[in-house]
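Student: Here is how the chains run, residue by residue.
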Amino acid sequence: MTAVELAGITKRFPGVVANHDIHLTVRKGTVHALVGENGAGKSTLMKILYGMQKPDEGTIATDGEQVTFSSPADAIARGIGMVHQHFMLADNLTVLENVVLGSEKLYGIGARARRRIKEISERYGLGVRPDVLVEELGVAARQRVEILKVLYRGARTLILDEPTAVLVPQEVDALFDNLRELKSEGLSVIFISHKLGEVLSVADEITVIRRGTTVGTAVPAETTPRQLAELMVGSELPTPETAESTVTDRAVLTVDTLRLAAPGGKALLDDISFTIHAGEVLGIAGVEGNGQTELVDALIGLRHADSGTIRFLDQDITALPTRKRREQGVGYIPEDRHRHGLLLEAPLWENRILGHVTEKPNSKGVWLDPKGSQEDTRRIVETYDVRTPGIDVTAASLSGGNQQKLIVGREMSHKPRFLIAAHPTRGVDVGAQAAIWDHIREARREGLAVLLISADLDELIGLSDTLRVIYDGRLVADADPAAVTPEELGSAMTGAASGHLEHEEPPGDDGSGAGGAEDDDGSGAGGAEDGDGSGAGEAGGDGGPGAEKIPGDAGRGVDKTPGDAGSGAEGEAR
Amino acid sequence: MRRISRITVAGAATASLALALSACGGTSTSSGSDDGDKGLAIAYDVGGEGDQSFNDAAHAGLQRAEKEFGYKTAAIEPTDGETNADKEQRLVSLAKQGYNPVVGVGYAYAAPLKAAAERYPDTTFGIVDDATIEAENVADLVYNEEQASYLAGVAAAKSTKTKTVGFVGGVDNPLIHKFQAGYEQGVKDTDPKVKVVAQYLTQTAEEGGFASPDKGKTAAEGQIEKKADVVYAAAGLSGQGVIEAAAANKIWAIGVDSDQYKQEALAKYKDSILTSATKDVASAVYSLAKSVEDGKPETGIVRGDLKSGEIGLSDSNPKFADDAELQAAIKTAKEKIISGEIKVKSS
Amino acid sequence: MKKFDKERVLLAVAGPVIALAVAFVLSAIVLIASGKNPVEPFALMFEQAGFSDIQVLIVNQASMYYIAALAVAIGFRMNLFNIGVDGQYQLAAMTAAIVGAHADLPAALQIPLLLLTAVLTGAFWSGIAGVLKMTRGVSEVVATIMLNSIATAVIGYLWLPDVFGVKIGNNNTTGEMHESGWVPGIDMGAAGEIYGLVILAVVLGIGYWLVLNRTRFGFDLRASGASESAAAASGVNPKRMVLTAMLISGGLAGLAGLPILLGDTHTYSLNFPTGIGFLGIGIALLGRNSPVGIAFAALLWAWLDKASPELDFHGYDKEIAVIMQGLIVLAVVVSYEAVREWGLRRQQRRVGAELAAGHVLGATDNTEKEVAGR
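Heads up: the protein sequence lines correspond to chains A, B and C, in order.
Quick note, the first sequence lines up with residues 1 to 574 if you use my numbering.
Quick note, the second sequence lines up with residues 1 to 347 if you use my numbering.
Quick note, the third sequence lines up with residues 1 to 374 if you use my numbering.
Worth flagging that the hints you see were computed from the coordinates, not collected in a lab.
Any given hint could turn out to be false.
Simulated pairs of lysine-lysine, BS3-like, Cα-Cα distance not exceeding 30 Å [unchecked claim]:
#1 C:Lys-6 with A:Lys-371
#2 A:Lys-324 with A:Lys-360
#3 B:Lys-161 with B:Lys-268
#4 B:Lys-188 with B:Lys-163
#5 A:Lys-324 with C:Lys-239
#6 A:Lys-360 with C:Lys-239
#7 B:Lys-343 with B:Lys-307
#8 B:Lys-195 with B:Lys-227
#9 B:Lys-290 with B:Lys-161
#10 B:Lys-334 with B:Lys-227
#11 C:Lys-167 with B:Lys-345
#12 B:Lys-345 with B:Lys-193
#13 B:Lys-195 with B:Lys-250
#14 B:Lys-193 with B:Lys-226
#15 C:Lys-167 with B:Lys-334
#16 B:Lys-161 with B:Lys-227
#17 B:Lys-290 with B:Lys-217
#18 C:Lys-36 with B:Lys-307
#19 A:Lys-54 with A:Lys-266
#20 B:Lys-96 with B:Lys-38
#21 C:Lys-239 with A:Lys-266
#22 A:Lys-364 with A:Lys-415
#23 B:Lys-345 with B:Lys-226
#24 B:Lys-262 with B:Lys-161
#25 C:Lys-36 with B:Lys-72
#26 C:Lys-36 with B:Lys-38
#27 A:Lys-118 with A:Lys-54
#28 C:Lys-167 with B:Lys-195
#29 C:Lys-36 with B:Lys-96
#30 C:Lys-239 with A:Lys-364
#31 C:Lys-167 with B:Lys-343
#32 B:Lys-188 with B:Lys-334
#33 B:Lys-290 with B:Lys-67
#34 B:Lys-188 with B:Lys-307
#35 B:Lys-163 with B:Lys-38
#36 B:Lys-336 with C:Lys-167
#37 B:Lys-226 with B:Lys-262
#38 B:Lys-67 with C:Lys-36
#39 B:Lys-188 with C:Lys-167
Only a predicted model underlies this, so the values are computations on that prediction, with no experimental measurement involved.
In isolation and in its complexed conformation, chain A is listed as follows (with noise of 0.2 Å):
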């Protein structure tokens, strides 16, 4: 019994193409989790779902009958709730009002709705107190709540828009068990997430999107978090090879146990040291949200660190503000563009003035240089391949290739000393990506110093020269790129490995104990076994108990004799 079937679905933006004949079905009585990179394509598909946009192509089928949504109230009368991920409740309503909000019709606003909201509440043991105000609620109990105020509108499919991103882990178990409550009454449910440990534990079955369109499916129990990290980023695309090693002895950037706290106290970056020298890339993996975007920040001078220091050549730029870091060489793709890189809607010349306004050709003095900076975008446009029928058109107007070559073009044409390049290729048609590539490479031939952040693993591999993990806001481990797997690296990214990375690191969520164990006199064996293949992951767990008393070990074995364990396990593994 298929509760939803998508079809085909294709939605189309002007340029780009937010998805591409996705297929999905939702069997009834069952979790199923939405996977895919933030930018994939899932909330376009679920909000075409829920009724807010309509497809251009395919067809949406509930309960093997096929309808069309031209509002979140269809959506609702065929039996689909979405949980946002912003909460939608009124605080300074209570719980009971909020519920009924909307839907006065369904059971009133009286005691018959408040026995309808106990009897849900009950039912799917969500614990929610109808007459109590909403602002004294925490996250959790609001996300219940939200759920309430879907089944109290009769859904039947609920969607879960990254329900565990506002959780801490407790609350994540109890929200899982809901879930379950839910799948036992026969209800469906649709969760979208790109923690693939929480997708693992909780769901069903798995589609994963890719760029837009589902790439697979997966059943968890056959399934590791690296098979499903693979499936996510994708391993088939065009492979970024750095051909020579162009790194040099110069620092370019230092950093020095960077700190940077949230108000709250909880450090966001933590102990974070690294050096890049001139010619070099250092990629830095890892799930995203584990703070690659206020290290960024943090070095772009958009933030600043509360200890540590940052120095640039041969100066102390931890204080200076953005401006001043950008005008002595700092140059930075955003991770998003819209927000960070463009203008929307001005025209292509003057977003190539943005960033580097202080200089030329964009002014002369306190003055603008409209003329020279037109001039300058007409050359950037056809150096980098620009795709546009001018510059007078506005940024928006092109395609997120295009914007993005245009944003390389703009930054590489002030001759950066360091590029912070912050998913450079994200949301890039292929061959776009390429010349994206391309640029980066040439310029570190010419000595440029990059920081990449990618949450593409073959990319961060490709084009880096050092990799680090960063996890939780540290740096906890680091790889040589030439050596190390996606497998591998996909490990580090959930906590799970740490130190450097080489194949006689045992991989694998709980495990590291099982490999670990065997590992402590001699590293060789345990990393041949786990080179060829992904049923590490399953060994490990049943080492479990076992190994749990020596994973310190492991990790100080392995970083005794990173030179040793690497060429060793290297040699056995290929």
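Could you slot chains B and C onto chain A? The hints should help.
Tutor: What follows is chains B and C alone, placed relative to chain A:
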């Protein structure tokens, strides 16, 4: 490309404007014709017609003149935030059309009226509440409001039981200060123990001090809470709110400018209106019209005071008129003011 | 390229034209609904625009509207809503009047002194809101509304006879300014005088355009308005930009009352026009924050103001002009947004179409490059 088009646009705009200015040599006041029999015209102050007070009093005079002399009259409202130039335009426009006399209601018309009078020396102008213009063809219709307010103070002091009386001024300006000064003096001279609580509704007329019954009501309620049991409102249309609050709390209100006991709009509350400090703008306006009609236009300062009877205290409310002790006190005070024994302060 | 220029002109003109047409039609409906001739009032008002004395009134009034609207517009350009222009210009006009009445320098110094006084007062008053927003995150809308109220109270205080007030009859004034501070007008004969400071308004308009479009600072300001995050990433200090924009907006606002103060009244009295700051908001909206657009909008507004009193003499209510002003503002907000979106989508389609047709700037060897990139 873009630059040129912008400059072209700007140039075209300037040119067309200049062209318009030079091409249309005629002024709105140089054309137009005199048709028929036109008489008195008034230009209202802020609040306009229907304020049950100051402007309406002027209008009453206008109606009387219209009826009596059988000519065409005009009454024009102001706009919000207008400048002196607008006021002058209005007066000039009226004079040009042949209205005579032209009366500006309120001191705001002082400067514009002076200018208009210079441009139309053959028209008689009148201005209410201003005595700064000295011109052959201008009559300054001013009043010793403080004298009537003094009598209102006497009446209030005699009527209060709580020994607290209130004063609500529409706008915090010199004209209304006169009302307050006279009132307070009257109260103190009658009974030094009586306390006066005074309040102004707004700083400027634009904020609605003369035109917001709701503000008046709130202010009066506040004073009633402070135990005031007689409230004197010198607040134009806002006074209605004061009277309403007084009626609701069964205390006395004293009206202003017109005899508010007799006004239809306030008939519901008339039993709470003790008296009104009248200022007979109607008859001053009418007299001016009549003097013009008689061919001997008034000029210079035309002052209304207790002696001339153009200001006073109304006695339409029988409860007030029949209170012999109160009436005696008022009569004494009135005589003393007329004789000059009492000098009423004006600020 | 040429095509896109035409496009831009079309888009720039479409919004206001649609808004005005809608406002005219709706006003006519109001007239019909109240049983009046829907055409004659407009005919009368157009006729008024032909008279030179009315034109002088319009130009004079428009000069003040223009400056006030520029002050609002510079805030808009950086996503700040300075609703306090009204309080700023009134307070500034008052301090200028006070200084003008007490200082007596030669005209060459006196007039700049008065202008400077007004600019500083306005900037100071808006700066309070700017500092509050910068340091405490207080919304500038709330802060400036409050400051409007406080300005009124301060003005009331300054009018006290023992502070700076001078009573003339029943009017509060600040005393007559020394003649060296009077700015002579342009004599138009019987039509009256155009305020000398109308020229100041023109100069400010040109300056506004130059600063915004031709300086680094202007670019930063526009970038901040278009996207705060992108501007911050480009190196603009957002907090400092907030304060700077507020100060400039307030400084400009301070000048809004000066054409009439230095050109006509020579004193700040109870008769001083109020509400220009609020009207400036609608005018800035209608003029799309562009110096030329605002000039047209200010003239239009002044025309509605100055031509409408005539209606009273013909049995129509002059309030029809006020209704129309309100309708224009409403229509403008709707039509601009609609036109903007329509234009954006249209451009995206065109770009798509031109790319498909192969009209691409430069790079004819795209495919080659891609291959090389691998």
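Student: Need the status of pair Lys-239 (chain C), Lys-364 (chain A): alpha-carbon distance at most 30 Å?
Tutor: holds (25 Å)
Student: For the pair supplied as a hint, Lys-345 (chain B) and Lys-193 (chain B), is the alpha-carbon distance within the 30 Å limit?
Tutor: Holds: Lys-345 (chain B) and Lys-193 (chain B) sit about 20 Å apart, inside 30 Å.
Student: Take the C-alpha atoms of Lys-161 (chain B) and Lys-268 (chain B), compute the straight-line distance between them, and say whether it is at most 30 Å.
Tutor: holds (24 Å)
Student: Does Lys-307 (chain B) lie within 30 Å of Lys-343 (chain B) when you go C-alpha to C-alpha?
Tutor: holds (14 Å)
Student: Need the status of pair Lys-163 (chain B), Lys-38 (chain B): alpha-carbon distance at most 30 Å?
Tutor: Roughly 53 Å between the alpha carbons, so the hint for Lys-163 (chain B) and Lys-38 (chain B) is violated.
Student: Within a Cα-Cα threshold of 30 Å, do Lys-167 (chain C) and Lys-343 (chain B) meet the stated pairing?
Tutor: Measuring from Cα to Cα gives roughly 21 Å; hence the hint holds.
Student: Compare the distance between the alpha carbons of Lys-96 (chain B) and Lys-38 (chain B) with 30 Å, and conclude whether the hinted pair is satisfied.
Tutor: holds (11 Å)
Student: Against the 30 Å threshold, does the CA-CA distance of Lys-167 (chain C) and Lys-334 (chain B) hold or violate the hint?
Tutor: holds (28 Å)
Student: Are Lys-239 (chain C) and Lys-266 (chain A) close enough, with their CA atoms no more than 30 Å apart?
Tutor: holds (25 Å)
Student: Do the alpha carbons of Lys-324 (chain A) and Lys-239 (chain C) lie within 30 Å of each other, as the hint requires?
Tutor: holds (17 Å)
Student: Quickly compare the C-alpha distance for Lys-188 (chain B) and Lys-334 (chain B) to 30 Å and report which way the hint goes.
Tutor: holds (15 Å)
Student: Given the proposed pairing of Lys-262 (chain B) with Lys-161 (chain B), does the C-alpha separation stay at or below 30 Å?
Tutor: holds (26 Å)
Hint check: violations occur at hints 9, 17, 18, 19, 27, 35; the rest are consistent with the structure.
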